[in-house]
Amino acid sequence: MHSTPVQAFTADFELQGNAEAGTLSFFTPLGSTAARLQWSTAGAQLQTSGEPQHFESLDALTLHTTGATLPIHSLFAWLKGNEPTTPGWQVDLRALADGRLTAQRLAPEVPADLKIILQR
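Read in the numbering used here, the sequence shown has 127 at position 119, and its numbers run on one by one without any break.
Since the hints were made in silico from the structure, they are not lab data.
Backbone N, C-alpha and C define an ideal beta-carbon position, used for all residues, glycine too.
Please note that a few of the clues may not be correct.
As the list claims (entries may be wrong) - Label pairs and their calculated CB-CB ranges:
#, residue 1, residue 2, range
1, Leu38, Gly96, 31 to 39 Å
2, Arg108, Pro37, 30 to 38 Å
3, Lys123, Ala43, 28 to 36 Å
4, Gly107, Leu38, 33 to 41 Å
5, Ser40, Ile125, 32 to 40 Å
6, Gly96, Glu59, 29 to 37 Å
7, Lys123, Pro95, 19 to 27 Å
8, Gln24, Gln61, 16 to 24 Å
9, Gly58, Ala115, 28 to 36 Å
Input sequences plus hints: build the corresponding full structure.
Okay, structure coming up:
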């Protein structure tokens, strides 16, 4: 039986832009930037401590960094309270007014749980 090891991380983040062009920055507990993802219609880039890595798309970038594609594009709609329409994902927006959003990937890739707590 083959199983995928569980991966988990917690980080403060800042999301700017929109689904077509934007930036997602992750911060360490001390507040320094751990990683910055940038995307546009021309492609995507990952900046960590070394040279930037370039990818053909945001999906390719998230697949490379996490082992699965993540619905960053859909996150913008979810944060606005729009009904989720991302295939394979079950999203709970009931606590969005309290700054909480949860999403669970049911198929087709590796299972994933996103738990987002917004600071306002």
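Hints versus structure:
Under the hint 31 to 39 Å, the C-beta atoms of Leu38 and Gly96, about 35 Å apart, fit the expected range. A hinted range of 30 to 38 Å for the beta carbons of Arg108 and Pro37 is inconsistent with their spacing of about 21 Å. Look at Lys123 against Ala43: about 19 Å separates their beta carbons, and that is not inside 28 to 36 Å. A C-beta distance of roughly 23 Å is found between Gly107 and Leu38, which places it outside the suggested range of 33 to 41 Å.
Taking the beta carbon of each, Ser40 and Ile125 are about 20 Å apart, not inside 32 to 40 Å as hinted. For the hinted restraint 29 to 37 Å between Gly96 and Glu59, the CB-CB distance of approximately 33 Å keeps it satisfied. Under the hint 19 to 27 Å, the C-beta atoms of Lys123 and Pro95, about 21 Å apart, fit the expected range. A hinted range of 16 to 24 Å for the beta carbons of Gln24 and Gln61 is consistent with their spacing of about 20 Å.
Gly58 and Ala115 have their C-beta atoms about 34 Å apart, which keeps the hinted 28 to 36 Å range intact.
Hint compliance for this structure: hints 2, 3, 4, 5 are broken, all remaining hints hold.
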